[in-house]
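Mind docking chains B, C and D on chain A? Use the hints.
Line order of the protein sequences matches chains A, B, C and D. Numbering-wise (UniProt numbering), the first sequence opens with residue 1 and increments by one. Numbering-wise (UniProt numbering), the second sequence opens with residue 1 and increments by one. Numbering-wise (UniProt numbering), the third sequence opens with residue 1 and increments by one. Numbering-wise (UniProt numbering), the fourth sequence opens with residue 1 and increments by one.
Keep in mind that a hint or two might mislead.
Each pair may be met inside one copy or between any two copies, as identical chains are not told apart.
With a straight-line Cα cutoff of 35 Å, these simulated DSBU-like cross-link-like pairs (lysine-lysine) come out [as the list claims (entries may be wrong)]:
{"hint": "1", "residue 1": "Lys48", "residue 2": "Lys251"}
{"hint": "2", "residue 1": "Lys292", "residue 2": "Lys39"}
{"hint": "3", "residue 1": "Lys215", "residue 2": "Lys251"}
{"hint": "4", "residue 1": "Lys193", "residue 2": "Lys263"}
{"hint": "5", "residue 1": "Lys44", "residue 2": "Lys295"}
{"hint": "6", "residue 1": "Lys292", "residue 2": "Lys263"}
{"hint": "7", "residue 1": "Lys251", "residue 2": "Lys5"}
In case anyone wonders, no lab produced these hints; they're calculated from the structure.
Listed below, chain by chain, are the residues.
Protein chains: 4
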Amino acid sequence: MANSKYEYVKLFEQPDQLLPNTWVVVRIDGRGFTKFANKYNFEKPNDKRALDLMNAAARQVLIELPDITIAYGVSDEYSFVLHKTCTLFERRASKLVSTVVSTFTAYYIFLWSTYFPETPLTAPLPSFDSRAVCYPSLQNLRDYMSWRQVDCHINNLYNTTFWALIQLGGMSSTEAGEKLSVSLRSNGNGFSKDKNELLYSQFSINYNNEPEIYKKGSVVSRDYELVEPGTHNTASEGESMAELAAQPQSKTQAENDGKRRTKARVVIEHLDIIRDDFWDRRPWLLSNKPGKIPKEP
Amino acid sequence: MANSKYEYVKLFEQPDQLLPNTWVVVRIDGRGFTKFANKYNFEKPNDKRALDLMNAAARQVLIELPDITIAYGVSDEYSFVLHKTCTLFERRASKLVSTVVSTFTAYYIFLWSTYFPETPLTAPLPSFDSRAVCYPSLQNLRDYMSWRQVDCHINNLYNTTFWALIQLGGMSSTEAGEKLSVSLRSNGNGFSKDKNELLYSQFSINYNNEPEIYKKGSVVSRDYELVEPGTHNTASEGESMAELAAQPQSKTQAENDGKRRTKARVVIEHLDIIRDDFWDRRPWLLSNKPGKIPKEP
Amino acid sequence: MANSKYEYVKLFEQPDQLLPNTWVVVRIDGRGFTKFANKYNFEKPNDKRALDLMNAAARQVLIELPDITIAYGVSDEYSFVLHKTCTLFERRASKLVSTVVSTFTAYYIFLWSTYFPETPLTAPLPSFDSRAVCYPSLQNLRDYMSWRQVDCHINNLYNTTFWALIQLGGMSSTEAGEKLSVSLRSNGNGFSKDKNELLYSQFSINYNNEPEIYKKGSVVSRDYELVEPGTHNTASEGESMAELAAQPQSKTQAENDGKRRTKARVVIEHLDIIRDDFWDRRPWLLSNKPGKIPKEP
Amino acid sequence: MANSKYEYVKLFEQPDQLLPNTWVVVRIDGRGFTKFANKYNFEKPNDKRALDLMNAAARQVLIELPDITIAYGVSDEYSFVLHKTCTLFERRASKLVSTVVSTFTAYYIFLWSTYFPETPLTAPLPSFDSRAVCYPSLQNLRDYMSWRQVDCHINNLYNTTFWALIQLGGMSSTEAGEKLSVSLRSNGNGFSKDKNELLYSQFSINYNNEPEIYKKGSVVSRDYELVEPGTHNTASEGESMAELAAQPQSKTQAENDGKRRTKARVVIEHLDIIRDDFWDRRPWLLSNKPGKIPKEP
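Same shape as in the complex, but just chain A (with noise of 0.2 Å):
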């Protein structure tokens, strides 16, 4: 009993390899996660807990897959940024995007309970959507995830305003919407400065000391020796050290390269990453060379 009378079907898959020499940014993104975040009373207007748990879900991702070499996540998405020189799965779209999902969903189930120890899930299960995105260049990179972070900074703002109205200024819901669009509108380019007075004014909470999880989002990375921020202009000098990485490695050295990064401690922190300062100090990021691993204190 042969199976070639079948076996052609295998033809309609169709090729869908990323180009090559690009960044590769797996997004996922929660779905339906508001009313997922009401049947299980997330906090407002953020849920440590919740976010505590993307984040340690994140981390495996980098721990199960290596290549990731940094990721950013906010609310209930996450980016993960391959190399421009990886080559992980031949690049196929699929493949990434899958794993990468597949991965994530399976520790979010996995350490719910750990976060929410005293409210087991339930069907329907929360799960993720993703895409991948290719960045030709480093600035497109950068920009990329300034944008995530930028969004997240809007978000937290607004919602921290709109949720201090509700929970400490008695509005409903409705009243709080009409009230930031209200001012939005009479103040459109301050619109930051406006909700930070507003927070202020009537709330007396100071923006600047909310959480930094909250106000930065996540940046889940491997832990190397921070370098000496030069001179150089990333800008440039970070396309070229990319550049240089495309080299052709021998098999030693790549085998030296991944254990060094297995080796490393994969950490989560709050921080900035639209200023120079972030990648000067991670060189790594951009050379796709491991850095040094930090002597244990």
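Okay, now just chains B, C and D, sitting in the frame of chain A:
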């Protein structure tokens, strides 16, 4: 603080809609399941608990995504079929691929303890990859399904014989592999018959009496009343039915169909899906019109 | 001096095979032909020489690329149809799109002086763009063809009326445009009837007597003996015929088919391609089997 | 008579925009040019008229499509480069590929009689295929260009030697092929040196004195004043320049740039495009800013 400066990065997302009016198969595959099966001591050649868990997870995927009309699973893989008229997620490949695999993974992890109560999961966790393939004609789709079921048969017969040689015949895995490769070589065409005889003569195993779930794999679908198979030619009428299904529907009709689908029980069966009979009796697979829900007995 | 150092750049070519078992339409469109038509004083509403040149070029495309089964042209566009089983250039989109448009352009330029002997071409030269679209079912393909022929009718009726108002009615183009837009507005559904009446009552033009080439567009195909239309339902049997055509052929059979195709005359006709009759009488369009070559009279 | 019933077929057109911020190379290749060259008795190893015709056609492509910054041609192929910021036709692959090849073909046919006044074209006519490839970094683009120029050198040295053996040495083509394959085998690394010596010792041909057009191929670009090469590192600064070019421009600025481009003469040269010097002196290739138009002498 406007986000517009960075928002251009959204333009790098490339559209990935699948061709309209084609059957979409989303297939998931276990990642590194040979190692995984060893870690949890899966029984050989088949672990009933592991297959039941796969089936239970697939069943939940059909419940959460009613657009899926049928699914077929064998070993650590599952194929989910979307009707050619399906417009779920605007047919975006990444969305379909990631949502199916994430939902499946969520239930696989969540239900693990039901099927393996004595062996809790530990990291690294099981995960799956996923891809989407388009099939333009019903014949192509049926050939795809037949391909997977023939593969199930070939592998199961091989594995049943291989493990009988080891478990009952006392061979090492190397010896068993050689034995099978020799009989294969000496008698290419009749290699199934060969193994059947070997099983029977040496181990008194009648392969026909092996459980259907191992021999046929698993079919997950909604439970509608079977239709008396006509004298019609499914190959041509089926195509017409599928084509007619492409006609635009009123919104009310679409909603009614959706409700009826949701009401139907999702069942797991072990059937021959290669023969016309299977398709003749289930015209809803082709027409995408929900069938008649059977009365409770 | 080895080339290997640079050869890696070949890896950036991304595959672009079109989905197997789908009808492929390669459509070319004149670039900036309004301006081009003015430059060479094309007659309004139709320039017979320009259409004959388009048809002659399309005819040569079918002669040079026997895989094309039929082509349909109107105004400055032409659609070339490849059977769903066609494997020309491994179905690579760029190859198909570029070869068709290059061949067409070559003959358009080469034959120009035959049809416009008194107005030699000067730079900038006419050129065409091109795209490929896949249609999974015969119904989709026929609907595509019908779409183009209905478009031909709508545009030709509009243009015939528009230019009658100008050339015979003495209106400016603005006035003619307004006149037609008013009658359109006042009587949306019957807008064809409307224009027919206007042509007849004001200018004694019976639109039905206009040349077929203007009303129907042009069909280019191989000249085989027409088949007596059966009572069969083309919509379903046609699909089956096309599906059967997907069965693998012996090499000899393929070569024989190729020779018979090459022997057939390629003819230009002006026919209704919307009705079943056209397809019923030309089963070779669906089966991809060359028909019977008619005896010379 | 509404067209809407059929218009759904437009939905089957799948988007094919090329990734933003990547260099686009559209390469055309002659179809069956070995046979074509024989038909018109092209001179061996190089036919000056045929190359001049290719160059003249390519020059017209740059004139009609000012978005093309540079083109490189050898034998029957031509590569046209679009700057990474180029948004012509919204970067749709089919549009780019088809427009370039159609325009090129139009001029190839149109100008044929200028370069081959005594051998008029007859059917089948010459035609070209075409493809588009994206290169994310300047280094990738330069490596692509180097790849083509090295290929030109390798082929030309081979062909020059091969035809010298036949035309001057009296060998058959089989003998010449064997002779070259033997010397290649016996001295793999130095195979260029080998052929140089053979040409000189046997036929007193100094390969260095061969015409530049044969040895270097042809570069088509706009004629701006060359810039004194700095001490800068093109590899890194070039990348930055190209990146800066991605900044949005005012409409006026874009129009001014367009005008200056149109004013520049398009010239054909035979230069080394592998070395940094070529790129250092032509910063406009990287910045996409039109250079300074040289004064008429």
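Alpha-carbon proximity between Lys193 and Lys263, which holds within one copy, between copies, both or neither at 35 Å | neither (44 Å within a copy, 50 Å between copies)
For the identical chains here, do Lys292 and Lys39 meet the 35 Å Cα criterion within one copy, between copies, both, or neither?
-> The answer is between: 33 Å across copies meets 35 Å, while 44 Å in one copy does not.
Between the shortest in-copy and the shortest cross-copy C-alpha distance, which are at most 35 Å for Lys44 and Lys295: within, between, both, or neither?
-> Intra 39 Å, inter 46 Å, cutoff 35 Å: neither.
Could you figure out if Lys48 and Lys251 sit no more than 35 Å apart (CA to CA) within one copy, between two copies, both or neither?
-> neither (43 Å within a copy, 41 Å between copies)
How would you classify Lys215 and Lys251 at a CA-CA limit of 35 Å: within, between, both, or neither?
-> neither (42 Å within a copy, 37 Å between copies)
Using 35 Å as the alpha-carbon threshold, which applies to Lys251 and Lys5: within, between, both, or neither?
-> between (40 Å within a copy, 18 Å between copies)
Up to 35 Å between alpha-carbons, please classify Lys292 paired with Lys263: within, between, both or neither.
-> Result: close within a single copy only, 11 Å intra versus 55 Å inter.
Violated hints, in rising order: 1, 3, 4, 5; the structure is consistent with all others.
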